[in-house]
Amino acid sequence: MHGPKKTCAVIMLGAAMLSHGFALDAYGASATGYSVSKSAAAVASSMALDKLGSVPLKQNVSVKLTGMDILTQPDGNILVYTLRYRNSSGSRVDLIDYFSKVSMPSGATGKGKNVTSDAIKRTVPANSSLSVTYYVNVGKSTKVNGAKVSLFGWDFDSANYQKKLGQITVPADYSSVVPTGKSKKITMNHLPVTAKADTLQRYTINGKVFIKLGLRLTNGGTKALSDPGYKAYLKSAGGSVFELTSDSASTGYKLQPQESSIIFYWAEIPSTIKTNGMTLQLAQEDEALKISIPVQTFKLPAAATDFAVAKGKSAKLIMKQQPVTVKAESVKRMKHNGKVYLRVGVHFANGGKKVLSDPGYTVQLKSAGGSVFDLTPEDVTGGSFRIQPGQKRTVFYLAEVPSQLKTDQMTMQFTQKDEALNKLLPVKTFKLPGVTADVPAANYAIRNISVNHQTIETQLKHASVFAENDTGKWNLQFRVKNLGDKSLKLPAYELSILTDEGYSIPVNTKALDHVTLKPLEEKLIDLSADVPLHMKQNQLQLQLTEPAVEGRISFPAAHYKIPYAPEGKSHLGVENIVENAHGTFGVKLSSYQRVPLGDVDQIVAQISIRNTQSTTVSLPEFKAAVKAGMRNLSNTSQMVVPNDQTTLAPNETMELYVLANVPYSYSFNQLKVDLQETSGEDVHKFLSLNTHSLNNVMKQVAAGESYLIHTTGKKAEVRERLTTVYQDNGSNLIYTELVMTSQETRQSKQAQLVAYYKTPDNEFFEAKISQSSEKTSPNGKNIVTIWSKLPQNVNASQLVLFVGEGVANGKMTNLGEESTGSINTVGLALNPKVTHPATNLQNVELFPYHLTITRGEGTLSAGKDMLTTVIHYNLSRNGDYEAGPYDHKLIMELIDPNGLSTEKTLTLGTDLTIGNNQSYSISLNSNFSKIVSGGAVRINLYDEFQGRRMLLGSQSYPIMYEENQANRPGTD
Numbered sequence: 006m007h008g009p010k011k012t013c014a015v016i017m018l019g020a021a022m023l024s025h026g027f028a029l030d031a032y033g034a035s036a037t038g039y040s041v042s043k044s045a046a047a048v049a050s051s052m053a054l055d056k057l058g059s060v061p062l063k064q065n066v067s068v069k070l071t072g073m074d075i076l077t078q079p080d081g082n083i084l085v086y087t088l089r090y091r092n093s094s095g096s097r098v099d100l101i102d103y104f105s106k107v108s109m110p111s112g113a114t115g116k117g118k119n120v121t122s123d124a125i126k127r128t129v130p131a132n133s134s135l136s137v138t139y140y141v142n143v144g145k146s147t148k149v150n151g152a153k154v155s156l157f158g159w160d161f162d163s164a165n166y167q168k169k170l171g172q173i174t175v176p177a178d179y180s181s182v183v184p185t186g187k188s189k190k191i192t193m194n195h196l197p198v199t200a201k202a203d204t205l206q207r208y209t210i211n212g213k214v215f216i217k218l219g220l221r222l223t224n225g226g227t228k229a230l231s232d233p234g235y236k237a238y239l240k241s242a243g244g245s246v247f248e249l250t251s252d253s254a255s256t257g258y259k260l261q262p263q264e265s266s267i268i269f270y271w272a273e274i275p276s277t278i279k280t281n282g283m284t285l286q287l288a289q290e291d292e293a294l295k296i297s298i299p300v301q302t303f304k305l306p307a308a309a310t311d312f313a314v315a316k317g318k319s320a321k322l323i324m325k326q327q328p329v330t331v332k333a334e335s336v337k338r339m340k341h342n343g344k345v346y347l348r349v350g351v352h353f354a355n356g357g358k359k360v361l362s363d364p365g366y367t368v369q370l371k372s373a374g375g376s377v378f379d380l381t382p383e384d385v386t387g388g389s390f391r392i393q394p395g396q397k398r399t400v401f402y403l404a405e406v407p408s409q410l411k412t413d414q415m416t417m418q419f420t421q422k423d424e425a426l427n428k429l430l431p432v433k434t435f436k437l438p439g440v441t442a443d444v445p446a447a448n449y450a451i452r453n454i455s456v457n458h459q460t461i462e463t464q465l466k467h468a469s470v471f472a473e474n475d476t477g478k479w480n481l482q483f484r485v486k487n488l489g490d491k492s493l494k495l496p497a498y499e500l501s502i503l504t505d506e507g508y509s510i511p512v513n514t515k516a517l518d519h520v521t522l523k524p525l526e527e528k529l530i531d532l533s534a535d536v537p538l539h540m541k542q543n544q545l546q547l548q549l550t551e552p553a554v555e556g557r558i559s560f561p562a563a564h565y566k567i568p569y570a571p572e573g574k575s576h577l578g579v580e581n582i583v584e585n586a587h588g589t590f591g592v593k594l595s596s597y598q599r600v601p602l603g604d605v606d607q608i609v610a611q612i613s614i615r616n617t618q619s620t621t622v623s624l625p626e627f628k629a630a631v632k633a634g635m636r637n638l639s640n641t642s643q644m645v646v647p648n649d650q651t652t653l654a655p656n657e658t659m660e661l662y663v664l665a666n667v668p669y670s671y672s673f674n675q676l677k678v679d680l681q682e683t684s685g686e687d688v689h690k691f692l693s694l695n696t697h698s699l700n701n702v703m704k705q706v707a708a709g710e711s712y713l714i715h716t717t718g719k720k721a722e723v724r725e726r727l728t729t730v731y732q733d734n735g736s737n738l739i740y741t742e743l744v745m746t747s748q749e750t751r752q753s754k755q756a757q758l759v760a761y762y763k764t765p766d767n768e769f770f771e772a773k774i775s776q777s778s779e780k781t782s783p784n785g786k787n788i789v790t791i792w793s794k795l796p797q798n799v800n801a802s803q804l805v806l807f808v809g810e811g812v813a814n815g816k817m818t819n820l821g822e823e824s825t826g827s828i829n830t831v832g833l834a835l836n837p838k839v840t841h842p843a844t845n846l847q848n849v850e851l852f853p854y855h856l857t858i859t860r861g862e863g864t865l866s867a868g869k870d871m872l873t874t875v876i877h878y879n880l881s882r883n884g885d886y887e888a889g890p891y892d893h894k895l896i897m898e899l900i901d902p903n904g905l906s907t908e909k910t911l912t913l914g915t916d917l918t919i920g921n922n923q924s925y926s927i928s929l930n931s932n933f934s935k936i937v938s939g940g941a942v943r944i945n946l947y948d949e950f951q952g953r954r955m956l957l958g959s960q961s962y963p964i965m966y967e968e969n970q971a972n973r974p975g976t977d
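Offset between the sequence shown (1-based) and our numbering: plus 5.
Keep in mind that the hints were calculated from the coordinates and are not lab data. Treat the hints with care, as some may be off.
[What the hints assert, rightly or not] Capping the alpha-carbon separation at 30 Å, the derived lysine-lysine pairs in DSSO-like fashion look like this:
1) 466 <-> 436
2) 704 <-> 628
3) 295 <-> 236
Hey, can you work out the whole structure from these sequences and the hints?
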């Protein structure tokens, strides 16, 4: 259909080679509409010759008439007849001893002569049969009814040396013509062939009348049947004879064993000729005799007029010897660069057993007013016509037409240039359906389009817009599904948004560049575009345009209305359904926090994702894009999945956190978070959240109350144990101890905490933290030490401790490592306690240590400068708690009787050993020799932390004065 071409269709000619006689006289099944009575009469006629008796030539030798036909010729009509000789004797029979004569009812007579192919048949072997075909010129005789065949033998005793042996008279009701709708089994090229006159059609081409005749042949042999080169004649009921010429596709055919095909003949006839009662006569040229020998005659059905196929109906055509069902499916009016085109879709269904290639048809569009326009295929390569057996395909043709052309009652005609006939022959005409405009698909409606002769289902699945400055930011979700049975690579479609003002705005996406769909696979593709707000946002269309190809018009493959839908807002705790390439999910913004992080703030969005499907879903590796107000924070963002979850079972929910840094002074009222997955350079959106719900959701824990850490693998109860203040001249140090009790059922490392102290004036002081890096047993307790330096004017009683679980590089922070953010932050109200120094040292608390000094004394010898002080103590450690490095120091200050102070730094568990009834001594050197009596030494105990001290308690202990024995009275 891409211009005239010479094609070779294997179409068979149905006739019997006279060189082998009429092998069979039985007709095939009658055609539809042929009455039973006519069929019975036809069979009786065909069997008439069989019922005729045979003529004995001599003892055990006889002859029988088996076939007769006549062919009209200008120089006298040629009658042929076939005699079958039967030799039942034990010796051969020489045919030279016999001959036959034919006499017609018209009076014409003649001696039968062998056709050239039977000239070599001279003897009949013993106990065998032999068929011989003869011809006679019978002048103007046209019918074989009543013809007589007389048999003679040479007899030299007779006057004319011949003796008449018998006569066979053809019955008056005999006809050699195969009835309408019947087939006949004959022999061609030594092969059994079934022949049938199949179709007869009448065409008018440029004012002339043509007859197209189809003859079906079926090769019943075991070898290929080649074209025997028969001549064909069309004979009207009135006796007019027209030579038929086979078209190019029917010339030089070759028919494989058991193959069936149709050969087509054409003849121009006068317009006044009636087409009822016509016959087809096949003949073979006897080159030696220079005459045409009749082969077989077929009665033809009434000629059908070439009516145009009705709208919406299909027609069966023979293309390249293949039965093909054809239907004019659609006509669409399209515009391109100011020109108007009609795009005609023609549906082809290959009902044959071979691949259907291009039949080379010329296609024309005809208007009701008589205007004719050439239709050219969109696929100029001819690739459209590679239609597999059983396959269906729609091929599109284009014609440029005037803009004012009336498009009602148009037709489309297939024609084909026949080189043998040197004519443009009509194939079929179709009435075209109504012309449709290239209208866009309705809101979210499905539009099927064809890609490489496969159908894909397309749909604008979702659309939303939000305003930013003077621009409408559109986010679109486009769905494609392969409805075919083979994998399909999508073309690199160009996508654009058409505005009501006539502008075409490009759509940002690379997702269509490398999309391959398996059968029935579908994908969702994210698109985005910026449309100026001064354009009508509610009158937009998405246009899908085929890739540009040189020399071909690139029409839009489809249009889709874009519904105006302001981007939905995500509200805290409210689930929204999101569909993407991985499935359908329930998504909600579980919480939003804005917490301090060094010299900036950190926003933390907790997102819940629930699998709504009935199958387990593998999740991609996410990357977060964050925008706060007009500021893009994506380069500071990190995403944390606390338990490293990568799959979601049906109805399972996972929690993840998106963090991003923002200047602490920056205010905004809108937050947009996109979770994306990357594949090479391609970025695909998994979900998008847009919210104005920026209330800082911070759980507040009352003083003395506990809160829970719910993170899997790090579950714990957290409670304040102690908060106090270490004072100094220039500043204070706020100090807090938290107790973390593990609620895991296995040994686990607890969460690394991040903390800030917050004042009522929203001043934040970053805290330092000390924790144990060891695993904690179930129900095990850990002491977490938190402290920060504060100005002296900060009222510690009004502080709130912001404490969260540390994260770093997209993971929960390992104990002891530095955090780059925190999640699940709570506000813990504190209960600061002022430590009052004890008046004795019998109950000294330095958690987790407890010290009791049971007694103490100093010893001073007369005249000596050394004072030795011994304390007796009990020291215990609470073993229920684990802690990080113990940064507290116990400072023992001794004040001697002279008022001088001496300090000693003691390490608990080393200098002072754990246990009861322990003792520790310390010796002081000073000017003690002047002391001539007892006194007391005062011991002060201090808790020193980060260089700051807190007095724990004081107590004085007596000094025992020992006199020198030599100076005692009464001593010798």
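To see whether the hints hold, each was checked on the structure:
no.	hint	in the structure
1	466 <-> 436	37 Å, violated
2	704 <-> 628	28 Å, holds
3	295 <-> 236	14 Å, holds
Against the hints set out earlier in the document, a violation occurs for number 1 only.
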